[in-house]
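Asker: Each chain is listed here by its residues.
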Amino acid sequence: MSSHAAAATLDPHDDPTTTTGIPNKKLLMWAFLASDCMFFGCLISTHLIYRLHPPPGTPSARQVFSIELTSFSTFILLMSSLMMALAVNAIQKGNLKSMRWSLLTTIFFGLIFLGCQVYEFRNFVFEKHLTITNSILGTTFFTLTGTHGLHVLIGVIWLTAMLIYSFTGRLTEKQSIDVESMGLYWHFVDIVWIVIFTAVYLLEYI
Amino acid sequence: MEALAKTDFIAKDDQPAKPLVLWRPTAKTGLISWLTTVDHKRIGFLYGLSALFFFIFGGLEALAIRLQLAVPNNTFLTSAQYSEMFTMHGTTMIFLVVMPMGAAFFNFIMPLQIGARDVAFPRLNAFSFWTFVVGAIVLNIGWFTKDGAPDAGWFGYAPLTTRTFSPTHAIDMWVMGLQLLGVASIAAALNFIVTIINMRAPGMTMMRLPVFTWMTLFTSFLIVLSFPAITIALIEIMMDRLFGTNFFEVSSGGLPILWQHLFWIFGHPEVYILILPAMGIISEILPTFSRKPLFGYPIVVFSGASIGFLGFGVWSHHMFTTGMGTTATAAFSMMTMAIAVPTGVKIFNWIGTLWGGHITMRTPMMFAIGFLWMFMLGGLSGIMHSAAPADAQQHGSYFIVAHFHYVLIGGSLFALFAGIQYWFPLMFGRMISEFWGKVTFWLVFVGFNVTFFPMHFLGLEGMPRRTFTYDANMGWATGNLFATIGAFILAIGVATFFISMIYAFFKGERAHKDQWDGRTLEWSLPVPPPEYNFAVIPTVHARDGWWYAKKHASEIAKETAEHAKEDEAHGGIHMPNQSIYPFLASVGILIGAIGVAVVDHDPSPGFWGTKVAITILGGAIMFVSVLLWACEGADGFHIHLNADGSVREDGGHH
Amino acid sequence: MSSPATTPHDSTDAHGHDLAQNRFWIFTQIAMLLAVITGLELVTVYLPFVAWILITVLVVLSTVKFMFVIFYFMHLRWDKAFCTILFFIGLVLAGGTMWALLKLFGAEASKPLTSAALAPVASEVRAA
Amino acid sequence: MRLHTFASLLTKSARFPALLGLATMLSGCFWFDGPQSTFDPHGPVARHQMDLFYVTCWVCLVIFMAVGAVLAYTNFKFLARSDADAHAEPPEEAHGNPLVEVSLIGASVLALVIIAIPTLKGIWYSYDVPADEKANAYVVTATGYQWWFKFDYPNEVAKTVDASGKTVNAAFSTANELVIPVGRPVEINLRTLDVIHSFWIPKLAGKVDMMPNRANHLWIEADKAGYFWGQCAEFCGESHAVMRFRVIALGPREFNDWLSNQAEPARHLEAPVADEAKPKAQFASYRTFKRNEAGTTEAFDADPLAGWRKQQQPSPGEDAALVATGRKLFASKTCSSCHTVRGDGYIGVVGPELTHVGARSTIAAGLLENNRDEVHRWIHAPNEVKPGNKMWVSGYLANQIKLTPEDENALVAYLQSLK
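Protein chains in written order, with the working numbering: chain H, -6 to 199; chain P, 12 to 665; chain U, 4 to 131; chain F, 7 to 425.
Chain H extracted, bound-state conformation (with noise of 0.2 Å):
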């Protein structure tokens, strides 16, 4: 970190005012991730620590769960991962036209995750009679999909502001990092549902 450094270099991986050449914020995101490893791996423990042992009466999740939409949405949010990667891509070059159309996308994706994960949660509980309170298989899936659909919400808030604060002007591509750590958030909703995906929905299958 020094102040004699002063060029400005656009290798958005190489930061020279700081100690080890990582820009801060990017240094920030991936220690929060590190410590999100820890919150989604103690959710989804539970998840399956009480799928070891189901007491008596709690109801299947194979008869509960549906594969084909969860494969559409898994499908969707893989998508929306590789318009962020693009999107990234796009600012990092300085084009700040190609990247709006790539967040556009990834906003939409996201969108579209999060309404089939309402419509799966609804015919969840209204058909297939599984609510948060009435089994523990309830409780802890939709308490960890749940938490997991909030991120992605936050998500898709912080892409929308982005967007719209792509239109002041003040979004280049020196502040292209703004944009890249907001992609390393998304990109790790995006394997955290790859890891649920296995060990909670294709587990079952099984």
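These are calculated hints, taken from the structure and not from any lab test. Since the structure is predicted, the reported quantities are computational estimates derived from the model, not experimental observations. Treat the hints with care, as some may be off.
Said to hold, decoys possible - Each computed BS3-like pair below joins lysine-lysine, with the alpha-carbon atoms no more than 30 Å apart: (1) P:Lys524 x P:Lys622; (2) F:Lys127 x F:Lys140; (3) F:Lys165 x P:Lys157; (4) H:Lys90 x U:Lys83; (5) P:Lys157 x F:Lys396; (6) F:Lys408 x P:Lys562; (7) F:Lys316 x F:Lys230; (8) U:Lys114 x F:Lys296.
Based on these hints, arrange chains P, U and F on the given structure of chain H.
Answerer: Frame of chain H; chains P, U and F shown alone:
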């Protein structure tokens, strides 16, 4: 963010003007300056002040407990009051005293030790502090409501904390308060990690970091990685209490033991979060006052790392009596013994530091050596617990109470007191009286041992903790009376400390720069340090950088003069702007938390009325504040130093 | 330590442009790959094999997806190694904790009391 | 090293053990005795745990003495004695001393191994009854409630009288006083139906928690006949401190006598002999107690086993008429909706079984000695004795139960008669 802003700054002029809400406060004195400050030293001071304030609270709770137990069958407190006292004593001392006191030193000292002008994210730092205050308020608000303070013990084992067994809002406040303290701690810790990794002065390689900074780094990692576990546990109990979920509802197959696991996955690293900063402080004081570099620096650092890492694998030794089965018990028993090795290594190296040195017995040094003795005792009784079958007799008894007070008072608190005495001249430019410092030490030392040593015997004689009364025939009366007398001696010692500290703050003898002939960079600063810390960012050439600089004064002076010119050529000293939004965001959180935890929901079925409204209001305030916080950006201004050292600010505030 | 490595502006641009072009295709291909793996996972669960084989396959496939996302989409591959280390500290601890928890709760001693196991006590009470 | 330095080192390092010894002697006055002392084991499990404790204790003491001696020596030897000394130029950065470091680490590991071996043995030993004695083990089930313990004897059968007057089998259970046979391992299944409790009889074994939804167990064995104090050791709410219990270990004959007495339905006194001269019920002669006042007398505590044996005999001066009144009140004041008295038709299951409550040495979860005054103290104001207890909250308060002195008198007589 701030580091980047330096380069941004040059190109600021071509940016559009900001709307009124994004104008930055500039007050340097008065209430607004404190609410909007982003200066790590001011925030450190605020942390310290709050910690000392809650220390009085926690201490009074402890005295109430000791008074109740002074004689058998006492009626000073009712059972319900007693439960509130020990719950809040534990919670307060851990989360509102030792942790923020550590945070105070992290904030104040760590950036100075690595030669930085501030932490990586100054506004996030302010947010951490205000959220900590908010959490403390929510935890303590129960004393003033009809529900009373939280009363289920500091580790709040489910299902005692479920609605069935704790129907009032007291536990909601405890849950919400801890949740907010978790948010504050994680935010602060992330900031410290980035600061230490990324904001070091030129030449400050990792293996030249002062040990205190190393321990700050490890502590921050522990916070970041362990708090999520309790966050999940608290979310689960909160869901149970608010929405009737089944996490700990036994009749639906809930497993209360899960709470214990999640809690101690957090709780054991938490113990190291409390002790590692203390070890860091001790590793600063011992070399300074024995005029010798720290013995075996790399080993001290690596043992710190291994304590931190192993600390995640021993949590179940708090649960030896829960019937985990033989294999699990054996595994955790062995892991616990293993963690004693790096801890022992530290003690050996501290003694190695003293060996062959020139020991000056100033007050900080007395506390530091007191720490060595007491921490050794606490550590050894810890080894006794690792023998699981023997622990079956000790668990939940006063033996445990004795053990962890030896670690937390004899360890953490002695070190924190030592730290205050050590850095007070730097922080405030005044000296705490040496005479009264020594009086404090002996009162605290004697009082502490008289209080807690008999508790070992009480525990082995079968006295369980958290009991508000006992019969005379149990043979516990003498020990308890001793303990109570000791507690009052300890209290007098602490009072002496507070008074001498307050006196020193206003009227104490002026300290001079580098009061103790120190080794690390913070001692290169004038006392108290100026807002910008370093007139010129120092270049570090050795592990004990300031000792090196003093030995090579002329070369360093030349180097500094060159860097000063370069600095000025690049626009002077960059300072971050103040901001009100971290504070406002925390206020929003407070309102939301009160909505969740304190307000009764409307009796009308299906709709929670006021509760939801207040919660949404708080959430909205927080959301808007964070949004404006993001939009105002990490701007700053420049300071130029005149030849006489006076300050000239440049071009107004951006 | 920060050696003020100032890369000339234009060369970075050209370099960056190439890089960006390449990455567009890398990202797109990886996304396709991820979709395919997801499909494979979906097929896997219906295969008539023993549970532990299927679970192992699922874990491996998800790990592959996981790694692709963090190393490519999240740039770890191109970033300083420290980012990877930082994230993996959390990941390894979280994984270890999950493993330990599942082992602990899977153990015989942790089998919860079903209402049937509680019955001796309960039924005696009722009998009385 | 010069001789006199060595000598002074010796003197100085000798000071500390001497001080420690003195402290030990001073503390001796509140050390070994006491009814819950872990230093006075009466069974193999507790003895095993104490031996392990001593191993850890000695290893730690030796470490403390050795390291402490070096530390103390360092403190004195290297103290700066002059101003120049205090401002000595610091030496160059050194790299520690790998040989010292490694040997110290080695020594620590060795010390830990000394502890680890008996620890591992102890973990398996204390977990379950040794295999060769498994067949001989006596099984009971202990269930924790807020704030009392219930003991079920699943292998025994009790008798009760059904509505038609026929004697039928019933569950065999008692409360707060666990009676076990001497010299036989006793396997205790630990259950709880509300919060977490912990089952601890310091002289017989270390504690094991009663966890909701979890099948924990513990084994104990008493060497000889005796009377042991136990207590809940995990915070379980407002009255955790007064959630106690007693364990009575009896020889085979006495144990069998106790079993057969317990199996009987509640005792009924013979119809009162008309005795006009005998004064009617005595009122208001009960002692009053202060809040938190001890519930046992010194005489009882001196030899509680004798107290327990005495309690098995009918108390003198029983008034059959009064007892009969008490029995009726027991139903009309709704006591019977929570308590079982086999043979009297009372089948409540919320509170402790009272069929033979008069034959217990204590009441209110091991808290109060079982005599007229204390029983009266308990039923008169349960909340004073055990804050927040169910009998008070969901009994007295919820059902608005008011007891006149006459009622209390009759109830005391009834409860005392249940031998």
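Asker: With a cut-off of 30 Å on the C-alpha distance, tell me whether U:Lys114 and F:Lys296 pass.
Answerer: Violated, because 46 Å separates the two Cα atoms, which is more than 30 Å.
Asker: Is the Cα-Cα distance between F:Lys165 and P:Lys157 30 Å or less?
Answerer: Roughly 49 Å separates the two Cα atoms, so the pair is violated.
Asker: Sort out whether F:Lys230 lies within 30 Å of F:Lys316, counting only the CA atoms.
Answerer: holds, 19 Å
Asker: Would the hint linking H:Lys90 and U:Lys83 be met if the CA-CA limit is 30 Å?
Answerer: holds, 29 Å
Asker: Given the proposed pairing of F:Lys408 with P:Lys562, does the C-alpha separation stay at or below 30 Å?
Answerer: violated, 87 Å
Asker: Straight-line Cα separation of F:Lys127 and F:Lys140 no greater than 30 Å?
Answerer: Given pair F:Lys127, F:Lys140 holds - Cα atoms ~18 Å apart, limit 30 Å.
Asker: Just to be careful, I want the Cα atoms of P:Lys157 and F:Lys396 compared with a cutoff of 30 Å; is the pair within it?
Answerer: holds, 22 Å
Asker: Verify the proposed pairing of P:Lys524 with P:Lys622, using a straight-line Cα cut of 30 Å.
Answerer: Answer violated: P:Lys524 to P:Lys622 is near 54 Å, above 30 Å.
When held up to the earlier numbered hints, the structure conflicts with 1, 3, 6, 8 and fits the remainder.
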